[in-house]
Amino acid sequence: MSSFKVLFHVSDNEIWPKALTNIRNFIKDVGPGGAEIEVVANAAAVAAYYNNEKADMIQQMAELAGQGVKFIACRNALKAHSLDENLRPSFVEVVPAGITEIVKKQSAGYAYIKP
Amino acid sequence: MSSFKVLFHVSDNEIWPKALTNIRNFIKDVGPGGAEIEVVANAAAVAAYYNNEKADMIQQMAELAGQGVKFIACRNALKAHSLDENLRPSFVEVVPAGITEIVKKQSAGYAYIKP
Amino acid sequence: MSSFKVLFHVSDNEIWPKALTNIRNFIKDVGPGGAEIEVVANAAAVAAYYNNEKADMIQQMAELAGQGVKFIACRNALKAHSLDENLRPSFVEVVPAGITEIVKKQSAGYAYIKP
Chain A
1 MSSFKVLFHV
11 SDNEIWPKAL
21 TNIRNFIKDV
31 GPGGAEIEVV
41 ANAAAVAAYY
51 NNEKADMIQQ
61 MAELAGQGVK
71 FIACRNALKA
81 HSLDENLRPS
91 FVEVVPAGIT
101 EIVKKQSAGY
111 AYIKP
Chain B
1 MSSFKVLFHV
11 SDNEIWPKAL
21 TNIRNFIKDV
31 GPGGAEIEVV
41 ANAAAVAAYY
51 NNEKADMIQQ
61 MAELAGQGVK
71 FIACRNALKA
81 HSLDENLRPS
91 FVEVVPAGIT
101 EIVKKQSAGY
111 AYIKP
Chain C
1 MSSFKVLFHV
11 SDNEIWPKAL
21 TNIRNFIKDV
31 GPGGAEIEVV
41 ANAAAVAAYY
51 NNEKADMIQQ
61 MAELAGQGVK
71 FIACRNALKA
81 HSLDENLRPS
91 FVEVVPAGIT
101 EIVKKQSAGY
111 AYIKP
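Chains as they are written, first to last, in my numbering: chain A, 1 to 115; chain B, 1 to 115; chain C, 1 to 115.
In short, the hints are calculated from the structure, not lab data. Be careful, since some hints might not be right.
Simulated restraints on C-beta separations [stated by the list, open to error]:
no.: 1; chain 1: C; residue 1: Glu-63; chain 2: B; residue 2: Ala-55; range: 15 to 23 Å
no.: 2; chain 1: A; residue 1: Asp-56; chain 2: C; residue 2: Ser-82; range: 17 to 25 Å
no.: 3; chain 1: C; residue 1: Ser-90; chain 2: A; residue 2: Asp-56; range: 38 to 46 Å
no.: 4; chain 1: C; residue 1: Pro-17; chain 2: B; residue 2: Ala-62; range: 44 to 52 Å
One-sided excerpt, in silico: chain C residues whose CB lies under 10 Å from chain B [to be verified]:
no.: 5; residue: Ser-3
no.: 6; residue: Phe-4
no.: 7; residue: Val-6
no.: 8; residue: Phe-8
no.: 9; residue: Asn-13
no.: 10; residue: Asp-29
no.: 11; residue: Ile-58
no.: 12; residue: Val-94
no.: 13; residue: Ser-107
no.: 14; residue: Tyr-110
no.: 15; residue: Ala-111
no.: 16; residue: Tyr-112
no.: 17; residue: Ile-113
no.: 18; residue: Lys-114
no.: 19; residue: Pro-115
Ideal Cβ positions, reconstructed from N, Cα and C, are used throughout, including at glycine.
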């Protein structure tokens with residue numbers, strides 16, 4: 001049973017490596033299954049899900065998703081960056097508005113982290 | 001009756017366009033009156049309230065204020081940037097310390113968002 | 001008795017001056033002893049604790065520590081930047097994982113601020 005609930009908010013593309021390091025270190029610290037972790041990408045950060053030039057980063061995300069980390073994309077941001085949500089990696093979920101998702105999770109007891 | 005309470009913290013001038021987009025998309029998602037929204041600007045971000053070269057951005061803020069969004073400026077930041085609080089746009093409220101305002105709102109159940 | 005509990009998260013080296021200004025203004029506003037304040041540095045931000053070229057900044061931190069502000073370093077970040085935790089300034093505490101510390105403090109009622 002998870003004792004921690006954490007939401008990571010990623011709104012810049014450049015911040016992804018730091019965010020993924022944060023998440024890996026956190027899981028290492030609390031142990032597998034020790035936390036419910038969700039990553040909400042909005043604004044320019046959604047582009048990373050489609051960046052095949054950084055396939056290793058998408059692979060790292062996929063591995064974390066395999067460990068239970070949820071990766072979310074904001075639909076408004078996808079549209080603003082002309083990204084087709086049907087072409088997203090299969091581990092990425094889309095929500096209508098990233099901010100609403102973040103607010104709801106904080107109401108549900110998730111800690112907020114801006115990496 | 002608003003079901004959501006959200007505080008946006010803006011501490012960099014460059015982040016304003018992203019913040020305003022976040023707020024517009026959020027309102028579109030939850031509907032008019034669906035949230036109590038406050039924007040606290042501190043540090044260099046307070047300068048945007050006085051930037052007549054970006055009058056369109058101040059106009060966007062004014063429109064959001066007309067929809068109930070509260071715009072706050074930190075007095076310490078205004079002083080640090082030699083900005084006269086009497087010359088601020090009428091929709092901007094001044095608080096003695098931006099950080100205190102942010103802390104109080106989180107205690108009052110506001111979600112925290114750093115755009 | 002402190003009425004406020006606040007955690008400042010510093011993950012970029014460049015953000016330290018803004019963070020320290022935030023903290024000083026906040027203490028000035030709520031009065032000495034008016035708040036429990038903790039600063040968690042992770043990622044590249046831990047390097048500031050060792051930057052002797054900015055001795056004045058370390059001195060500012062030491063003064064705030066003297067007023068009760070807790071300064072934390074993430075052990076993962078220290079290792080990643082090849083910084084010896086035994087050589088850190090005496091006012092800095094080390095935690096196994098900065099993210100875990102931030103999450104625990106939010107659970108304990110601390111407001112979260114990303115300067």
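Right, here's what the structure says about each hint:
no.	hint	in the structure
1	Glu-63/C x Ala-55/B: 15 to 23 Å	42 Å, violated
2	Asp-56/A x Ser-82/C: 17 to 25 Å	23 Å, holds
3	Ser-90/C x Asp-56/A: 38 to 46 Å	40 Å, holds
4	Pro-17/C x Ala-62/B: 44 to 52 Å	32 Å, violated
5	Ser-3	9 Å, holds
6	Phe-4	5 Å, holds
7	Val-6	5 Å, holds
8	Phe-8	9 Å, holds
9	Asn-13	16 Å, violated
10	Asp-29	4 Å, holds
11	Ile-58	21 Å, violated
12	Val-94	25 Å, violated
13	Ser-107	13 Å, violated
14	Tyr-110	9 Å, holds
15	Ala-111	4 Å, holds
16	Tyr-112	6 Å, holds
17	Ile-113	6 Å, holds
18	Lys-114	5 Å, holds
19	Pro-115	6 Å, holds
Checked against the numbered hints given earlier, this structure breaks hints 1, 4, 9, 11, 12, 13; the rest are met.
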